[in-house]
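Q: Here is what each chain is made of, one letter per residue.
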Amino acid sequence: MSEPAAQDPEAPVVCGQYETIEQQQECYIVGMWTFLVTEILFFGGMFLVYVLYRTTYSKEWAAMSTKLDFWWGGLNTAVLLLSSFFVAMAVRCAQLKRTRAQLNYIGLTIVCACAFLVVKYIEYSGKIEHNMFPNWSFVAPDGIEVGPARLFMSLYFAMTGLHGIHVLVGIIVFVVLILMVRAKAPSISDHIPTEMIGLYWHFVDLVWIFLYPLFYLIPAINP
Amino acid sequence: MSNAEHTHILPVRHLMANLIKLMILMVLTVVAARLAPIPDTMFANFVAMGIAVAKAAFVISIFMAVKFSTKLTKLFALGGFVWLLLIGGILIDYYSRPWEPVVGWEDASSLPRTPGVDE
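Quick note, the sequences are listed as chains A and Z, same order.
According to my numbering, the first sequence is numbered sequentially starting from 17.
According to my numbering, the second sequence is numbered sequentially starting from 26.
In case anyone wonders, no lab produced these hints; they're calculated from the structure.
A couple of the hints might just be wrong.
[Said to hold, decoys possible] Partner residues are not named here, just some residues of chain Z that face chain A (Cβ under 8 Å, in silico):
id: 1; residue: Val56
id: 2; residue: Ala58
id: 3; residue: Met67
id: 4; residue: Ala81
id: 5; residue: Ser121
[Unchecked claim] In the BS3-like style, the derived pairs of lysine-lysine whose C-alpha atoms are separated by at most 27 Å in a straight line are:
id: 6; chain 1: Z; residue 1: Lys99; chain 2: A; residue 2: Lys113
id: 7; chain 1: Z; residue 1: Lys99; chain 2: Z; residue 2: Lys46
id: 8; chain 1: Z; residue 1: Lys96; chain 2: Z; residue 2: Lys46
id: 9; chain 1: A; residue 1: Lys200; chain 2: A; residue 2: Lys113
id: 10; chain 1: A; residue 1: Lys113; chain 2: Z; residue 2: Lys92
id: 11; chain 1: A; residue 1: Lys83; chain 2: A; residue 2: Lys136
id: 12; chain 1: A; residue 1: Lys136; chain 2: Z; residue 2: Lys46
id: 13; chain 1: A; residue 1: Lys136; chain 2: A; residue 2: Lys75
id: 14; chain 1: A; residue 1: Lys143; chain 2: A; residue 2: Lys75
id: 15; chain 1: Z; residue 1: Lys92; chain 2: Z; residue 2: Lys46
id: 16; chain 1: Z; residue 1: Lys96; chain 2: A; residue 2: Lys113
id: 17; chain 1: A; residue 1: Lys143; chain 2: A; residue 2: Lys83
[As the list claims (entries may be wrong)] Restraint-style ranges between C-beta atoms, simulated for each label pair:
id: 18; chain 1: A; residue 1: Ala131; chain 2: Z; residue 2: Pro126; range: 48 to 54 Å
id: 19; chain 1: A; residue 1: Trp87; chain 2: Z; residue 2: Leu110; range: 32 to 38 Å
id: 20; chain 1: Z; residue 1: Ala42; chain 2: A; residue 2: Val185; range: 25 to 31 Å
id: 21; chain 1: A; residue 1: Val134; chain 2: Z; residue 2: Ala61; range: 25 to 31 Å
id: 22; chain 1: Z; residue 1: Trp124; chain 2: A; residue 2: Tyr44; range: 43 to 49 Å
Glycine included, every Cβ here is placed at the ideal spot set by N, Cα and C.
Turn these sequences into a full structure, and let the hints steer you where they fit.
A: Following this line, the structure appears as structure tokens:
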């Protein structure tokens, strides 16, 4: 066991394959980044499809974009940015070993995540009510060709839906983290688990940062 | 190097300033796209995506603390951009195909239709 662990009973345990606690912590963070790179590739396929069809049906997609409520999307962007701040604060508190404040900030992040999903539910409900979701009887708004319009809504539901699943997973992981911190689980002996989950949450925020302008805001390339 | 030296603890004002920058950028992107739309639509596309990239840079560098992390972490964070090279290569392939037609890669609409299958 390394020297700091021997001196301080609350210090994180250095596993046998590492020489120092710094090396161990760096390894965890690098591992998390590797996972995030695979997540980027996962979403990347969908972003590629978006680019190909957007350049093909630029006018139709820009017209469909105006059918989405940018206020709801903007609210969700603000909520996610705020949640990212709360996560960064939670990591800071974990570093300073202020457990109570750490748990409070994680709780606030979960509240933001739930608020995001509620807004998404309201948006999805409106689209389903107006038959603007991918199905055989899909009705395009006046003046917009049905094929590209359905394609737009298909990709909208696919990409925001996949993102929504990530938000849901984030909520579950944060709840598990709270339970483990409260139970003083041996694996939560330092700030690294909070930082790793925080990195995941910031990634979820990053994806939405690009989804928002792509679906809600940008006009036709060649009107 | 001690654990405290290794771990960079960001001051609250630093995190708060980052949040304020992000919120200002979010308001700017809505204004530029919807409330006071930029007339040149191509330029508007660049503005919207430019603001998104700036927001992403603030989140990655400060909230994800890449700015203060080790060189190895920075290298792996950079790995996230490999995807841009892949998408670039795919787009070059996709859009350059009409320039150099290859037998078997014709546009499906120009091929003879198969009775019972296409009709």
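Q: May I ask which of the numbered hints given earlier this structure violates, with the numbers listed in increasing order?
A: 1 and 5
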